Amino acid sequence: MKFDIHHRTRYVYASPVRDSFNDIRLQPMPIPEQAVESFLLRVLPAARLTHFKDFYSNWVNHFEIPESHGYLSIEAQSRVITRPPAPLPADQNLCSFADMRGAPSIERCFDYLQSSRFVELTPEAWKLAVDATHGLDDAWQAVLALMKFVHGFLKYESNSTNVHTHMREVIADQRGVCQDFAHLLIGLCRVLKIPARYVSGYLATETASAMHAWVEVFLPGHGWRGLDPTHNCQLGETYVKVANGRDYADVSPINGNYRGTQQRTMEVDVKITVLEG
Amino acid sequence: MLQDYLLNGGFDEMLDPHKGVRGHYQKFHKLFKSISPAEYDAKRQAVDTAFLRQGITFNVYGDAAGAEKIFPFDMIPRIIPAKEWELLERGLAQRITALNLFLHDIYHEQKILKDGVIPEFYVLSARHFRREFVNFEVPKGIYIHICGTDLIRDKDGNYLVLEDNGRCPSGVSYVLENRRAMKRAFSSMFEGISVRPVENYPQELLKTLKYIAPAGVAEPTVVLLTPGAYNSAYFEHTYLARQMGIEIVEGRDLFVRDSRVYMRTTKGLQPVHVIYRRLDDDFLDPTVFRRDSMLGVPGLVHAYRAGNVSLANSIGTGIADDKVMYYFVPRMIKYYLDQEPILPNVPTYLASEEQDMKYILEHLPELVVKAANESGGYGMLMGPKASKEEIAIFREKIIAEPRNYIAQPMIFLSQHPTYCDGKFDGRHVDLRPFILSGERISIIPGGLTRVALRKGSLVVNSSQGGGSKDTWVLYGDE
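Protein sequence lines correspond, in order, to chains A and B. Residue numbering for the first sequence is 3 to 279, as defined by the working numbering. Residue numbering for the second sequence is 73 to 550, as defined by the working numbering.
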């Protein structure tokens, strides 16, 4: 499918701020599963953009606004064609836990097996993971069972958490948004030694109004496979991948710092148009 | 001078086991004998007063008095003969070369990890491994420009490497000032003994800093970035800046525009090309590292990334300070240089290795345990001198966080005659040479000899009651 994605973020500060430095991760990744036909980033007040690729191969746009300014608007416009791989059969064994042990020698996945800023490999997570995968000796089946578990365990509730909510709190409160679903699934996979990473992107439906988050797990022989615990499904042609990392902290779309007031309002506006079905 | 002097069973720098003066100390000993105790006392007082007046001081963290202290100075110099120094020089050059190759490798292809020479786990779990700088080309490919490597001698007089300081090693200002004080107090002695000079260090340092300036800048502006007057090494920062004739700045004196760094001066804005930063990575730039840092410069890291400003040392060298990485330096030397290490390490046990862990836990009362990322004698257990409670606390810590601990046997450091409580007595010493790595590697002859002034103490850190001595490297062996 082909999409136009228009993503606008606007901050209004209670009083003018200055010396604003920002790293933006909004550019869809050029990967076999999707072609990025165009990408445009527009920043106001106008600023010079530079870019680099980070450790996790995310494309980062950087800009600075030294002068005093009362608002900041960041507009990203992408045109993307998705061509997702066929989903893996949900009823087959694909990769035993014994095979999983070879993963670190095939793929650089050390980081995706450790605790990270928002994900912690706690005994509690381990207990949940072991209970949810009881009797399974296939990692793929285990991952599907974990996704199903997370989907049932957490209640989706808008605004119940914020971007800094840790996996521990998510387990305690049993509710959250897509970011929290992803963090929990990542934690449960990692305690079972299945490499899992966080993905930010868009679920490209006409009703989408924000970014989405999901999970990728690494299975030797099958590579990184995407799973959406919020919807308990594998990825389809409506998923557009923007960035990946250990957890949200590595992919936050706008990572900035400025001098001035803490008081500001933020408006996010995402509009997705289907160009070709 | 040395009638009642005790050898204490270890290696003595000045005396052989039969209390004969070693060859390289003989000239000094002869000249020193001709100085009367009253004369010596007068010189000592003059030196102490001069140090205080010039403000050659350091701060101790966590000291309630809070104020600056003078770094105690002992006037009996430590002397190193030429052939011994030549060995040290070769060993240190080999080590810094391997460390720089290692840093380049782990921030690029990671061959040493792929070849299984160092387990991947240790590098990727290191607190100071900067993922942000993987695949980044540091200016001239040099990561550590200024290194302070601590050397000790065991009871047979063998030199061993105790640790490498690849972030912001301090102490070189004392080397320079100790020499000045000695020259003033014993000017005639320097006429009789040919001691290699240390005075050109600031010029060598400046040359190293200018060497890494961004391409196309003919006359680079170099500045020294200090965390400020409350830093324990602030004296050294001002001292080195003055000696090099460069500006000393704090974070708030610099700012970034369009990925270029400028300094606010009384004459307006001036572009800055090289920053000798005496500030850890974490505090450099609040937009990238610690957001609560008030000491850094917002946007600095991006200017660095853009190649418009160079930093010494580079970002990400802290991993070489990690005491777990220290364990692997001999392997790095073998891997990158295909040589045997000239200067061996102290035998080290890694708590993350099952066998080693077992050994450590069984032998805690005999071992020295160190936290992987602490320095200055903090976060350390001296098994033989520790109480049962202290040992129990460390046992818990090690079990809870094995990656963060190493253990070493207690080394009985060499001792040196030192003036204490009105007489000459043996005190334990170490040596921190300073290695500069620019267009070529240059090492200040000697370095900082630190001495543990408390009787029997093996801890030489200034924050733990240590002092220093002048270090003389001779042109010859006598």
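Misleading hints may appear alongside valid ones.
Derived DSS-like pairs (lysine-lysine); straight-line CA-CA distance at most 25 Å [as the list claims (entries may be wrong)]:
{"no.": "1", "chain 1": "B", "residue 1": "Lys102", "chain 2": "B", "residue 2": "Lys155"}
{"no.": "2", "chain 1": "B", "residue 1": "Lys183", "chain 2": "B", "residue 2": "Lys155"}
{"no.": "3", "chain 1": "B", "residue 1": "Lys469", "chain 2": "B", "residue 2": "Lys430"}
{"no.": "4", "chain 1": "B", "residue 1": "Lys460", "chain 2": "B", "residue 2": "Lys91"}
{"no.": "5", "chain 1": "B", "residue 1": "Lys406", "chain 2": "B", "residue 2": "Lys457"}
{"no.": "6", "chain 1": "B", "residue 1": "Lys91", "chain 2": "B", "residue 2": "Lys183"}
{"no.": "7", "chain 1": "B", "residue 1": "Lys457", "chain 2": "B", "residue 2": "Lys227"}
{"no.": "8", "chain 1": "A", "residue 1": "Lys55", "chain 2": "B", "residue 2": "Lys227"}
{"no.": "9", "chain 1": "A", "residue 1": "Lys55", "chain 2": "B", "residue 2": "Lys457"}
{"no.": "10", "chain 1": "A", "residue 1": "Lys55", "chain 2": "B", "residue 2": "Lys183"}
{"no.": "11", "chain 1": "A", "residue 1": "Lys195", "chain 2": "B", "residue 2": "Lys212"}
{"no.": "12", "chain 1": "B", "residue 1": "Lys99", "chain 2": "B", "residue 2": "Lys186"}
Everything labelled a hint here was simulated from the structure, so no lab data went into it. Since we're looking at a predicted model, the values are computed, not measured.
A quick look at each hint next to the structure:
Our distance criterion of 25 Å between C-alpha atoms is met by B:Lys102 and B:Lys155, whose separation comes to about 22 Å. With a C-alpha separation of about 36 Å, the suggested pair B:Lys183 and B:Lys155 falls outside the 25 Å cut-off, and the hint is violated. Under the criterion of a C-alpha separation no larger than 25 Å, the hint pairing B:Lys469 with B:Lys430 is consistent with the structure, at around 14 Å. The straight-line distance between the Cα atoms of B:Lys460 and B:Lys91 is roughly 38 Å, outside the 25 Å bound, and the hint therefore fails.
At most 25 Å may separate the alpha-carbon atoms for a hinted pair to count; B:Lys406 and B:Lys457 exceed this at roughly 36 Å. Note on B:Lys91 and B:Lys183: the hinted pairing is violated, with a Cα-Cα distance of about 51 Å set against a maximum of 25 Å. At roughly 19 Å between alpha-carbon atoms, B:Lys457 and B:Lys227 fall within 25 Å of each other, so this suggested pair holds. A hinted pair counts as satisfied when its Cα atoms are at most 25 Å apart, and A:Lys55 with B:Lys227 does not qualify at roughly 52 Å.
Of the supplied pair hints, the one linking A:Lys55 and B:Lys457 is violated, its CA atoms being roughly 51 Å apart against a limit of 25 Å. Of the supplied pair hints, the one linking A:Lys55 and B:Lys183 holds, its CA atoms being roughly 21 Å apart against a limit of 25 Å. For the given pair, A:Lys195 sits about 40 Å from B:Lys212 by alpha-carbon distance, which is inconsistent with the 25 Å threshold. Between B:Lys99 and B:Lys186, the direct Cα distance comes to roughly 54 Å. Violation of the 25 Å bound is thereby established for this hinted pair.
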